[in-house]
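K.L.:
Listed below, chain by chain, are the residues.
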Amino acid sequence: MMQLSDVLSYTLVHATLRSTAPILLATIAAVISKQANIINMGIEGIMLFGAYTGYVVGYFTRSWVAGVLASVAVGTLLGMLVGCAHLKFKAHILVVGFAVNMLALAMTRFMLQQIFGVSGALVLPDPVSLPTIHIAALESSPVLSSLFSDYCFMEPIAILLVIALWLVLYKTSVGLHLRSVGLNEPSAMTAGIDIGRNKFMAITLSGLFAGLAGAYLSMGYSTMFVENMTNGRGYMALAAMNFGSGNPLFAMGGALIFGFMDSIGARLQSFGFPSQFVLMIPYVTTVVVLTIAMVSARRKEKAMILKQYRDGEKTVQTS
Amino acid sequence: MKGKIKLRPGFAAAMLFPFVFGAVLMLLLGYDPVEAYRELFKGAFVGNFNLGTTLEKFCPIFLTALAYCVTSKVKYFNMGVEGCFYLGALFSAGAGFLIQGLPWYIHIPICFLCGTLVGAVWAAIPGALRAYLNVNELCAALLMNYVAIHFANFMIAGPWSAKGASSQTAPIEKSAELLRIMKPSRANVGLFMALFLYAAIFWMFRRTKLGYRLNATGTNSYFTDYVGVDAKRMVLLATILSGAIGGFAGSIQTMGVYGTIIDGFSNNTAFDGMLASLIANNSFAQLPIYSFLIAALKSGALGMERFTGVPKALIDTLIPILILLLNMEGLFDFKHLRKRRKKKIAEIGKEGA
Amino acid sequence: MTLLPYIKLDHIVKQFGSVKAVDDCSIEVRKGEIFSLIGENGAGKSTMMKLLYGIHRPDQGLIQLDGQTLEDLTPQKAIACGIGMVHQEFMLVKEFTVLENIILGFEPKGPMGRIDFAAAREKVQRYIDDYSLDVQPDKLVQNISVGEAQRVEIIKTLYRGANVLILDEPTAVLTPGETKQFFDILRSMRDDGKTIIFISHKLHEVLEISDRIGVMRRGKYMATLDRPEATAEKLVNLMVGRNVEMSDRPSPCHPGPVVLEVQDLEVLGQRWLSTIKKVSFHLCAGEILGVAGVDGNGQSELVDAICGLRPILAGSVKLTGREMAGKKAGQLRKAGLAHIPEDRNTRGLNKEFTINENLVAIHLEEVSRGELLDRKKIAQKGKELIEKYDIRPADGELKAGTLSGGNAQKIVVAREIESGGKLLIAAQPTRGVDIGAIESIRGYLNRAKEQGVAVLLISADLDEIIALSDRIIVLHEGRISGELPGGDVDMERLGLLMTGGKSDEG
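Chains as they are written, first to last, in our numbering: chain P, 57 to 375; chain F, 263 to 615; chain L, 60 to 565.
Here chain P stands alone, though its shape is the one from the complex (with noise of 0.2 Å):
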């Protein structure tokens, strides 16, 4: 029978990292283009395709340098050309993102097809996949072996990735000019900031985030690619910028509630809990998620201004 302790051991910490990752690093991507002001809805779609790449262009050249520079490169294309379509040619962007989303389900369909004659999956024998990180002496004991041990090199980098992007988004001109268009782009202007080139840059740095996480997703998290194997990853990642307001810290700690649900989940499911039930856990935690956030901005915002009123009053009073 299922026991709980069973669900939420120590072991926990590993596979929510692993969960995770795919979705923190296109998390890094929807905040970026945030932070512009656009919502690249097409970073579902350029992780498929990433997805697809790095893990073809992994196997025929046997390296997973190859693999992960060939889906960096392919989602900078795809960004820069959302960029383009939207920017330059005023497409708007949702259709923009959601035909690239079609474009990926389709094209790797096809692809599967022509290339290897396969459809749904495709499993080469003996694929490459990332390095993991092994430290050896942590094997002694289990525990700290679990905890520290055994990472794909992506996952650790995908924090740092997050904390680099804070840095450069609050600490540098870089970031306060980004910042700035994104917020009030005639003060942006006025300031001599080309907000063009901005917006592009930040949708370009989306796509390229955004094939990096499809890169990890069918190299690292696992050996394989699955027709519409990002399912909805990318959707997720909106929502973990949308719960972080665009603030990459708070994002990513709405990315490690969604990798968190998730790995539960599939231990759930080892205990004959019905499939699909587990299989919605992460969309109905983000979903009721999301709305507590907002919730609770709001009474925040509330008690703040409430608060203000109060002191306000005291130092009339006072005075």
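Hints listed in this document are in silico derivations from the structure and should not be mistaken for laboratory results.
The beta carbon of each residue, even a glycine, is placed where N, CA and C say it ideally should be.
Treat each hint with caution, since some may be false.
Over the 12 Å line for every Cβ pair with chain P, so calculated as not near, a few chain L residues [said to hold, decoys possible]:
1. Y112
2. D125
3. K136
4. N160
5. K168
6. V194
7. P235
8. R276
9. D354
10. L372
11. G511
Think about it this way: if two alpha-carbon atoms lie no more than 16 Å apart in a straight line, the pair counts; the simulated EDC-like pairs of lysine to aspartate or glutamate are [what the hints assert, rightly or not]:
12. K386(L) with D492(F)
13. K471(F) with E425(L)
14. K337(F) with E425(L)
Fit chains F and L to the supplied structure of chain P, relying on the hints for placement.
P.N.:
This is chains F and L only, laid out in the frame that chain P set:
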């Protein structure tokens, strides 16, 4: 509020380019593009079965496009129609085989009611969250699709399963089936219902107070609140209407096309609909045209695959490209480009002088 | 002061669509002077200066700075040439701190692209000290007052190395006291050798501060006057082209029963300054009550709360004796509220709708049968109001967004006055409207009063308040700082109340 159809310059080029691209791809892969496109056309229009299949596919795409379009009038991007579509199909299937012994004129409305209501309720959840709590509808509605689909799959595989080899529910009663037209295709009278519903909603938006208020909400919600109409309620209302249409579309799919509900039957139908609405620039007048175009491509692709071996996925690849190009302003606006170049040359000349 | 032109705008033409915003204008500004550009709303003053700052490009004509022709001007290039502009709407990112706003685009950089905030702070502090500008660099812009925001804008232009400062209607948001201080700052900057271009439509301010004055009317440049030869009459003549006699006293008033009674009203505002704190007043039928005060002292919040568009924290709002606090806008309108909002572009009008559709927005019941809209009745109602209120062009099927400010405002005024409400709230009814329309809109308000409507007039324009109000209350920091009778208004006391002085001290 006027639905005039105006073609942009470069429209023809944008329409043509994906097919040229497709042809090049086919040549590279060793297929005959002329043959393939002929079969595509035949597959879409020639013969009762083919034209019927196009109409069968047109119906849900058109209705989901309508569903998306309704909410877009209040500036709500309803990506959750797919979920409503699924649940509408599921619950009308449930009502279709669980309730027995009714005459068709009672059974069919009951099934429609089940599907429509469920769709409306499902869409109202993210609608209310957005209207009253300002939760981003893009994410909420979209993610709820997955919940709806997994729930439908659970019902299909579990409680309502036909217990057969393939994953589907028991077939609905004869009394719940919609009349087929254009046999042997699966086109059915649902098509007429869809057209009627479209006309009714089009009219509602142009001629009634509710339409006025919904239009006002979408174009300026501050104005709407200020003149004393609750804009939030209008948003909620529009999502309910949209969800109902989505559910209704699902019901037609169950009762008219499949007679049961199969695991994964929709395959992003509502997203095709959404894109049709988006290329139509959310104008009611243009909805049928683009919905039909997408339906024809989808149904023609089946024939093309069968007779020439060119995979259907190729057409699925061309559709988003087509959508993307149609949405870009001035991409193929050669006249404009030429004018600009001329101007530039003139400017350079002036500088030189 | 040299007499050679430092800035030269030569035969400038600028057209927006079919409207000639600037028609063959030439302006010369000398180095180290305060040059005022005066004219009515829509005369082309702002457009002219936006051309100089590179926001728009002239269709024809040359722009010269110190003898050099500036081509393909962009804000970026203008800044590089030492031209700075303080816009009417502040160009500040409200989520950023004051310091971040000042240095935006011109950040001192440390290693690895990091912003050297310490160096920036030091530099900014120098300007603060030089001109004794009261600014707190670490506050978020959304938490500072309008006056402070303006000083931030000025520091911003100085920080960017401006020698030429363009100030677009800078005093509109200031109290008389703050204006005086502000003029001192301008003078000390001029004495430092900066060239200042001051855009305004307030005569007395222009006469007080300028070295020379340029007048524009309807896109044309009328004349340049040296300060000694300029008089108010001369300027008005040049600005308007005729003598406008607007009454500066309210028409006789016969107040009826109390229509609106506000008691201990508390409303949360965007910021502390504009939060309404225990405000009480009443308003009778057939009376105009003016609410004076500097923008941002709670006027918008007060209006929104009374109109059911903003939640009320505490207190009561009674409309003809019925408690209305917490009711929604729709219910209030049914109870007899009419409301000319301060911002016609967002609230008052739906620019995507036609003129007719806008005119019937609150008369839907009247022009429909059941749920069904009656097109004929809409057209009829529209025609009637267009004629009565002289809205031009007189085509009800045109989109409201295509109309000029004055005519657009007339749509709002027509709709609201014709609603037959017992209470009319008129917030900034003539803001951004040309003189002809101002006259007629004020006339409509007076007529409404004579017909027994209770009118609450909120205006930042003191002349308007004085010309129309039977009684005046003054809002300061969300409180009523005093009440004055209409008619012969003690300007000094009014000014004092606007800056928060207690009325009994005046």
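K.L.:
When the hints from earlier in the document are held up against this structure, which numbers fail?
P.N.:
Hints 1, 3, 4, 5, 10, 14 contradicted; others consistent.
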